[in-house]
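There are 2 protein chains.
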Amino acid sequence: MKKIINDPNEFVDEMLEGILLAHSHDLKIAGNDKRALVIKDAPIKEKVAIATGGGSGHLPVFLGYIGKGMIDGCAVGNVFASPSANTMFNVTKAIDGGEGVLYIYGNYGGDVMNFNMAAEMSEFEDIKVETVIVADDVASAPKGSEDKRRGVAGLFYAYKIAGAAAYEGKSLEEVKEIVERALQGTRTMGMALSPCIIPSVGKPTFTIGEDEMEIGMGIHGEPGIKREKLKSADEITEELMDRILTDLPYVEGDEVSILINGLGSTPKEELYIVYRKVHSILKEKGIKVYRPYIGEYATSMEMGGMSITLMKLDDQIKSLLDKSADTPFFQQV
Amino acid sequence: MKKIINDPNEFVDEMLEGILLAHSHDLKIAGNDKRALVIKDAPIKEKVAIATGGGSGHLPVFLGYIGKGMIDGCAVGNVFASPSANTMFNVTKAIDGGEGVLYIYGNYGGDVMNFNMAAEMSEFEDIKVETVIVADDVASAPKGSEDKRRGVAGLFYAYKIAGAAAYEGKSLEEVKEIVERALQGTRTMGMALSPCIIPSVGKPTFTIGEDEMEIGMGIHGEPGIKREKLKSADEITEELMDRILTDLPYVEGDEVSILINGLGSTPKEELYIVYRKVHSILKEKGIKVYRPYIGEYATSMEMGGMSITLMKLDDQIKSLLDKSADTPFFQQV
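Protein chains in written order, with the working numbering: chain A, 1 to 333; chain B, 1 to 333.
Derived by calculation from the structure, the hints in this document are not laboratory data.
Treat each hint with caution, since some may be false.
No distinction is drawn between identical chains; accordingly, a pair holds when it is met within one copy or between any pair of copies.
Here are the simulated lysine-lysine pairs, DSS-like style, with alpha carbons at most 27 Å apart [stated by the list, open to error]:
1) K288 <-> K40
2) K40 <-> K148
3) K229 <-> K2
4) K323 <-> K68
5) K203 <-> K229
6) K203 <-> K2
7) K34 <-> K283
8) K148 <-> K68
9) K40 <-> K170
Generate the whole structure from the sequences, applying the supplied hints.
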């Protein structure tokens, strides 16, 4: 794994400079905080604002979804490290249009601590903040302990649904209720083939044999459920889907959206081979597929592997999913 | 490099099955030819149709750009192998809406031979066909021999401009003239860090040292200009930009669109670090940047590396670039 970078310690700031130069019509920084990115026309009046944040190295997560129909701002950390409470506070102040701010982020200790602190700082300045924590990774804690699970690619769905609801003019409480409902029906299972390298560390996040894969590995290389010989695409898909489908469970008659997410170096061709099998499994089970998303939605730099996410739909969630979006990393016409 | 696949010999057909299942509202096959993909509502009356084709393994190139505002159909070959003349003929028949068909494809021997044959077959059935061959890869032949150059990421711009012109109701001759003009001002330079594996072959397309890179390597692993020690992102970008800028040449006062394209396993973060330097170089030279595209637009499965493409703008090309598009792999709002 070789990198096209300059000074590893400048990795995040140089990336952000590039992003701001490329998307200067869409994004700006909040005040003087280079790690606080917000939508160009923030604050948007008479709309609930959506904030997120987290470590770098997961593009398009997190900041790539700032834009029309999605989220308003993002606190940007170093690679795989939580941003500061102060940066999240800066984001919050910059995006609040008077209707309050909904925090949506993945369930990681550092983020929870810092963003809770930012919420307190904000409320001290009379900005109303509510929080929804994304914990969609089935592999990271057993059924019954859903609140201990990590947040992974399901973040995309949370941003999409929350953003659409906010742009529809829903209140802070309503947006929160809708996203929570969407997330209660969202499950992800991933698998990894190869590690990534944090630029400032310079060595792989984990080692794995040339003929091995790991089921359930986290997007920072957190240990998964099991490591075994690499199987076929169909066998891998069957195993991931079996764990997803039995967890909620998803049952005959359900309608779901599907996200097949590449972790970084897995070709799009392979993601479609996975989708082919997902579609066949769901058809057999009488679960209807609506609006699949296939591509790189939450990565770990050059990590190899992929994840499958299902989100259960009802009429309202489906209608919000259909709304258009226009962000630097995601457009829906 | 491990792959999430089933039988390597089924790689292309299973991928196509997945793509058709995922994008059934947008795509269909022409008649019974599973390798002939066309836009769902083909033929579109009173519009010039755009056809392309080429080997698999380059998603979103080629078929990923079938859709509104872009192209109408694609002949799909095996990995890195030309599709047959007959498949291109099937595409042509399915998409011709009475205004003729423009072939746009990369400059590779097999494709040129097969698509010329398809054009003859089509004209025998009174379908008017014109051809534009994309040859944007500066590294593949010296200045003065531009017609010997290979087609790479510049294909994206050709599809975008041609598609927008066709949807504006321009005639076959007009669309051809506009695309040719756009391509006369389009140049690409790429570099590779690591190879990919053709599934049915099972071994890397080339070998390269852990500390090496190759400047100018082709998207099928064709030899480049030179192999050397891996340099910094800024140094690499300077070298590629120097070769691009002096080739046309692009000069002070020009306005260009830029495409920073990941070849497969290069993280988006790194592409933005490259863009940062591209922007700085162009600013210094007095060349104006308009609407940059950064991401994976023409890949080689899991190959590592990236390319930089510049397309010179005039008022008409700029206005066509701005038009919306909605395809399975590319949306512009």
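Intra/inter-copy verdict for K288 and K40 if alpha-carbon distance must be at most 27 Å: For K288 and K40, only the inter-copy Cα distance (21 Å) is at most 27 Å; the intra-copy one is 38 Å.
Can you tell me if K34 and K283 fall within 27 Å by alpha carbon in one copy, between copies, both or neither? Intra 47 Å, inter 22 Å, cutoff 27 Å: inter-copy only.
Could you place K229 and K2 in one of the four classes (within, between, both, neither) given a Cα distance threshold of 27 Å? Cα proximity of K229 and K2: in one copy and across copies (26 Å, 11 Å).
At 27 Å max between alpha carbons, let me know whether K148 reaches K68 within a copy, between copies, both or neither. neither (31 Å within a copy, 44 Å between copies)
Have a look at K40 and K148 and pick one of within, between, both or neither, based on CA distance no larger than 27 Å. Answer is neither; intra-copy 35 Å and inter-copy 44 Å both fail.
Which holds for K203 with K2 at a C-alpha limit of 27 Å: within a copy, between copies, both or neither? both (10 Å within a copy, 20 Å between copies)
Can you give me the call for K323 and K68, within, between, both or neither, at a CA distance of at most 27 Å? Classified as both: same-chain Cα gap 10 Å, cross-chain 18 Å, threshold 27 Å.
Same-copy or cross-copy closeness of K203 to K229 [CA-CA at most 27 Å]: Cα proximity of K203 and K229: in one copy and across copies (23 Å, 19 Å).
First find the shortest C-alpha distance between K40 and K170 inside one copy, then the shortest across copies, and answer within, between, both or neither for a cut-off of 27 Å. Intra 22 Å, inter 36 Å, cutoff 27 Å: intra-copy only.
The structure does not agree with the numbered hints 2 and 8 stated previously, though it agrees with the rest.
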